[in-house]
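K.L.:
Each chain, letter by letter, is given below.
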Amino acid sequence: MAEPATAREIDRSQMTISDEVAIEITGMNKWYGAFHVLRDINLTVYRGERIVICGPSGSGKSTLIRCINRLEEHQEGKIIVDGTELSSDLKNIDKIRSEVGMCFQHFNLFPHLTIMENCTLAPIWVRKTPRKEAEEVAMHYLEKVKIPDQANKYPGQLSGGQQQRVAIARSLCMKPRIMLFDEPTSALDPEMIKEVLDTMIELAEEGMTMLCVTHEMGFAQAVANRVIFMDQGQIVEQNEPKEFFNNPQSDRTKLFLSQILGH
Amino acid sequence: MTTHEPIAYVREKMAEQKAPPPTSVGILGWIRANLFPDLVSGILTVVALFIVYSLVSGLLPWLLHGVWNASSLDECRKIIAERYGEGASGACWAVIHERFWQLMYGFYPSHLYWRPNLAFVLLLLGIAPVLFDNLPRKMLLITIAVPFVGPWLLWGGSVWVPIMVFLGFVIGIMVNRFVGRMSGALVGIIVGVLAAVVWWLFLSGPAADLVQSIIPLSIEPVASRNFGGFMLAITLGITGIAMSFPLGIFLALGRQSNLVILKTMSVGFIEFIRGVPLITLLFVASVLLNYFLPKGTEFDIILRVMIMITIFSAAYMAEAIRGGLAALPKGQYEAADALGLDYWQAQRLIIMPQALKIAIPSIVSIFIGLFKDTTLVSIIGLSDPIGWVKLIQANAEWNGIVWELYGFVAFVFFLFCFSMGRYSMYLERKLQTGH
Chain A
1 MAEPATAREI DRSQMTISDE VAIEITGMNK WYGAFHVLRD INLTVYRGER
51 IVICGPSGSG KSTLIRCINR LEEHQEGKII VDGTELSSDL KNIDKIRSEV
101 GMCFQHFNLF PHLTIMENCT LAPIWVRKTP RKEAEEVAMH YLEKVKIPDQ
151 ANKYPGQLSG GQQQRVAIAR SLCMKPRIML FDEPTSALDP EMIKEVLDTM
201 IELAEEGMTM LCVTHEMGFA QAVANRVIFM DQGQIVEQNE PKEFFNNPQS
251 DRTKLFLSQI LGH
Chain B
264 MTTHEPIAYV REKMAEQKAP PPTSVGILGW IRANLFPDLV SGILTVVALF
314 IVYSLVSGLL PWLLHGVWNA SSLDECRKII AERYGEGASG ACWAVIHERF
364 WQLMYGFYPS HLYWRPNLAF VLLLLGIAPV LFDNLPRKML LITIAVPFVG
414 PWLLWGGSVW VPIMVFLGFV IGIMVNRFVG RMSGALVGII VGVLAAVVWW
464 LFLSGPAADL VQSIIPLSIE PVASRNFGGF MLAITLGITG IAMSFPLGIF
514 LALGRQSNLV ILKTMSVGFI EFIRGVPLIT LLFVASVLLN YFLPKGTEFD
564 IILRVMIMIT IFSAAYMAEA IRGGLAALPK GQYEAADALG LDYWQAQRLI
614 IMPQALKIAI PSIVSIFIGL FKDTTLVSII GLSDPIGWVK LIQANAEWNG
664 IVWELYGFVA FVFFLFCFSM GRYSMYLERK LQTGH
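If you read the sequences in order, they're chains A and B.
When the letters of the first sequence are read in order and numbered with this note's numbering, they come out as residues 1 to 263.
When the letters of the second sequence are read in order and numbered with this note's numbering, they come out as residues 264 to 698.
Treat the hints loosely; a few may be bogus.
Stated by the list, open to error - Across the chosen pairs, the derived CB separations fall in these ranges: (1) A/His140 with B/Pro285: 58 to 68 Å; (2) B/Met437 with A/Pro190: 55 to 65 Å; (3) B/Val384 with A/His140: 16 to 26 Å; (4) A/Gln232 with B/Lys526: 27 to 37 Å; (5) B/Val547 with A/His36: 50 to 60 Å; (6) A/Asp149 with B/Glu691: 25 to 35 Å; (7) B/Leu591 with A/Lys146: 24 to 34 Å; (8) A/Glu205 with B/Lys276: 51 to 61 Å.
Stated by the list, open to error - In the PhoX-like style, the derived pairs of lysine-lysine whose C-alpha atoms are separated by at most 20 Å in a straight line are: (9) B/Lys653 with B/Lys635; (10) B/Lys693 with A/Lys153; (11) A/Lys146 with A/Lys175; (12) B/Lys620 with A/Lys153; (13) A/Lys175 with A/Lys132; (14) A/Lys91 with A/Lys175.
Said to hold, decoys possible - Just so you have them, the derived chain A footprint on chain B, three or more residues with Cβ under 8 Å: (15) 587 to 598; (16) 611 to 624.
The set of hints was computed from the structure by calculation and includes no laboratory data.
Quick caveat, the model's predicted, so the values are computed rather than measured.
C-beta atoms are modelled at their ideal positions from N, C-alpha and C, and glycine is treated no differently.
Bound conformation, chain A alone (with noise of 0.2 Å):
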């Protein structure tokens, strides 16, 4: 079985999941040019859920995420996040994305900028915040991924797992109701990956909204309430992440994990 992602207690006090729906998706499919490459996903995610997104490379896991803050566009079908319904509105896409952090596998910080300008910029442009609560905001959420004293450097003076957490505060300066990781450690050393998990946990265990892709099977154990598996563009497979683990109904499930867990 999968290692536990941190040694400590997990903290399941305001892990809870309401009623109200984040993000809804119906009948969605997406294509590039001719390729199929999201078919038929109907997902509904409600506020304080922990979903870890997981399937072989090319399944459609990055496109999916990508696809709920408008970094692609899909074709068919409906989604709504937090009540708003993705269309090619400008203003309804710049109004979804301000509410949706995102954090990427390269971390995409800025390298022009230091950490603390990346952290105050879009609360600056699109937030209208006045610089010095920026500042303040921004000076708290580093705090949180404990890099406070690196917040006059510049990206390129980090390490990985540095990176990430700072874009992981970057993101969160914007007061994001829901956050999407995309393989947020997948390009980083082992012992940064431990690091930036702790800190994606602790940030569910303030009750965040999140969805992860990743292959971090012991992170999905430790917090998700669910776990999805993709293939060939299609939810295939999705369970609480006991049962998803401990008994897979579908052979392509047994295959991956079998492949994954079996080393």
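Guided by the hints, dock chain B onto chain A, whose structure is given.
P.N.:
Just chain B now, with coordinates in the frame of chain A:
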């Protein structure tokens, strides 16, 4: 059969720090490492030193035997022969001494030299805060004023003309704000630009005349044909640089745009302008344009040339900036999008600062090329420094003089271009944010 030394080893006494051998440090070490590291390099060093010596030994007497006061080339030669003996070579700097003001200002009236001088000082004060961000930001007010005050000082005339031109920008921005709030950013930009253009084409002239007739405030006008020398080269160069840069950015963005018409127009413009030699464009400006314009339209020759130089450089600039844009990882766009920044915010705050930084060397090369290309206007009859060299050579007194004039012009151009190159290196170092 080999005998192995025992593997186990313990150092009993730590080695003391010693000075390096004398052949590897100091002047001796430097010479050894850089001039004579091996036989081939040593021979090359000797050959190179010989070439440098023959150049300097030929050039130095010519430079040192220079004559600064004479009224003609013959007189120069006589003085050199008297001082250094028959057959001695020497530079006749007297031509630069005597014709200095023409090389600098052309036929610009000498009692008005203070105007281009003042404009130049304002220009330097206006550029400084743009080049060095540690200067007080209030100096940017000068930067904003220079494009209006500068031309007014150079060409003279009514003070109301530059004010009305400035008003065009104010009108454009206000219309943009107003319309943009009502019907979206893109519509706001288009209507704003249209309003400004309509103002400049049809209203600003009459408005300036009207105010001038009520409150006459003007300085002595100077016609474009009197502009010349380095004043002309700098005027053309600076306007070309200042206008081609933003135009190039917009063309590069247009070329990357998803809007098909905008993209096609940008690509067409860039490819067409790049496919035509600058001198052709200058001939169009000087000769052909008059055929297309309505009879009696007065369209200043210097303005026409400025436009041609600007669009020519803008096409190259667009390609240099596109190179910078292409070098940016896609993740930067995605991160900006994911944070909710709109297109212009993302461009201004994230994309352009990085793309321009990558493109600095190419951009500065284009600036340098543009500045040197201003000498081509001598072919269409404007008397820039090269035009003046020819005019001076055509004089009976200075007939036959070549090196001194071209050398001087080259030297001044070199000063400008070298400074630009140095500045670009400074900027690259300053913007270095990695390890």
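K.L.:
Now tell me, hint by hint, if it's right for this structure.
P.N.:
Going through the hints against the structure:
1. A/His140 with B/Pro285: 58 to 68 Å: holds (60 Å)
2. B/Met437 with A/Pro190: 55 to 65 Å: Once the Cβ atoms are compared, 59 Å apart, the range 55 to 65 Å for A/Pro190 and B/Met437 holds.
3. B/Val384 with A/His140: 16 to 26 Å: violated (49 Å)
4. A/Gln232 with B/Lys526: 27 to 37 Å: For A/Gln232 and B/Lys526 the Cβ distance comes to about 35 Å; the hint holds.
5. B/Val547 with A/His36: 50 to 60 Å: Since the Cβ atoms of B/Val547 and A/His36 sit about 53 Å apart, the hinted range of 50 to 60 Å holds.
6. A/Asp149 with B/Glu691: 25 to 35 Å: holds (29 Å)
7. B/Leu591 with A/Lys146: 24 to 34 Å: holds (30 Å)
8. A/Glu205 with B/Lys276: 51 to 61 Å: Given a distance of about 58 Å, which is inside 51 to 61 Å, the answer is holds.
9. B/Lys653 with B/Lys635: holds (17 Å)
10. B/Lys693 with A/Lys153: Given pair B/Lys693, A/Lys153 holds - Cα atoms ~15 Å apart, limit 20 Å.
11. A/Lys146 with A/Lys175: Judged against 20 Å, a Cα distance of about 18 Å means the pair holds.
12. B/Lys620 with A/Lys153: Distance ~19 Å between B/Lys620 and A/Lys153 Cα, so the pair holds.
13. A/Lys175 with A/Lys132: The given pair, whose Cα atoms are some 16 Å apart, holds under the 20 Å limit.
14. A/Lys91 with A/Lys175: Holds, at about 19 Å.
15. 587 to 598: This one holds; 5 residues, not fewer than the three required, reach chain A with a Cβ under 8 Å.
16. 611 to 624: holds (count 5)
Checked against the numbered hints above, the structure violates only hint 3.
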